[in-house]
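Enquirer: Sequence:
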Amino acid sequence: MTQHTSYGEVHGPRAGEISRRGFMRRMLGIGTGILSLQFLGGTIAFLWPNVTEGLGAEITLGTAEDINSAAPDWAQGLPYIYNPARLFVVNVPAGKARVAQESGGAVEAEASLPVPDPGEDVLALWRKCPHLGCQVPQLCEFSQWFECLCHGSQYTILGEYRAGPAPRGMDRFPMRLDGDVYIVDTREVESGPPPGTVTFDDREPGDMQHCAG
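Heads up, the sequence shown is in my numbering, so the first residue is 176 and it goes up one at a time.
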């Protein structure tokens, strides 16, 4: 209790003290803030998953036989998902043959399935979407394209841009053969090809059914 020269005694908390109601308000505000941060963190984690795990080094994938053992559909053109580095390892001649087969003749290919050993004709695509970093899933069964489920960007089996808000095709990593062993260098990210790049799949988005967008 303090003494005021004009108004007499003034009842209230001492300087530096807070009332019970003020304390409860402050704790409620802190709790609400923590919950908001947790929600925001969960949302960001969903949209931007950990795509850097396993990056920053040379990665030995093994031989074509090793990859076929781990992913038997690789010889049939289905990209091999290498999870430690968030990669699609694309068997290019088999991929072309797969798209040609699934497109009903709309796309032509030189090879026929299966292609168990593509030699140097292999591509390492980063599964991080160039738009906002979402993780791109396996090929859409309808289009045989990569289709980001977050915002609908679409890419061919070679990672070439076809539709959606992404600024370019899928980024990739240098890949080489050391003898018969495939090695990916994840220390260097190569930007994806610009829109309009067409290697062999010139279909338009409206030509087929899609999984996203």
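Hints are computed from structural coordinates only; laboratory data are not their basis. Only a predicted model underlies this, so the values are computations on that prediction, with no experimental measurement involved. Every residue gets a Cβ at the ideal spot worked out from N, C-alpha and C, and that includes glycine. A couple of the hints might just be wrong.
Said to hold, decoys possible - Listed next, with one range per pair, are the computed distances between beta-carbon atoms: (1) Thr235 to Glu283: 33 to 41 angstroms; (2) Glu283 to Leu307: 32 to 40 angstroms; (3) Leu288 to Ile358: 20 to 28 angstroms; (4) Glu285 to Gly237: 19 to 27 angstroms; (5) Glu233 to Ser366: 13 to 21 angstroms; (6) Glu379 to Arg200: 19 to 27 angstroms; (7) Ile256 to Pro370: 34 to 42 angstroms.
Enquirer: All hints are to be evaluated individually against the structure, with a verdict given for each.
Expert: Now the hints, each set against the structure:
1. Between Thr235 and Glu283 the beta carbons are some 34 angstroms apart, a value that agrees with the proposed interval 33 to 41 angstroms.
2. For Glu283 paired with Leu307, a C-beta distance near 34 angstroms keeps the hint of 32 to 40 angstroms intact.
3. For Leu288 and Ile358, the hinted distance range of 20 to 28 angstroms is satisfied, since their beta carbons lie about 26 angstroms from each other.
4. Range check, Glu285 to Gly237: Cβ separation about 26 angstroms, and the 19 to 27 angstroms hint holds.
5. Checking the proposed 13 to 21 angstroms range against Glu233 and Ser366 shows it holds: the Cβ atoms sit about 20 angstroms from each other.
6. Checking the proposed 19 to 27 angstroms range against Glu379 and Arg200 shows it is violated: the Cβ atoms sit about 59 angstroms from each other.
7. Against the hinted window of 34 to 42 angstroms, the Cβ-Cβ separation of Ile256 and Pro370 comes to about 25 angstroms, which falls outside the hint.
When each numbered hint is compared with the structure, violations occur for hints 6 and 7.
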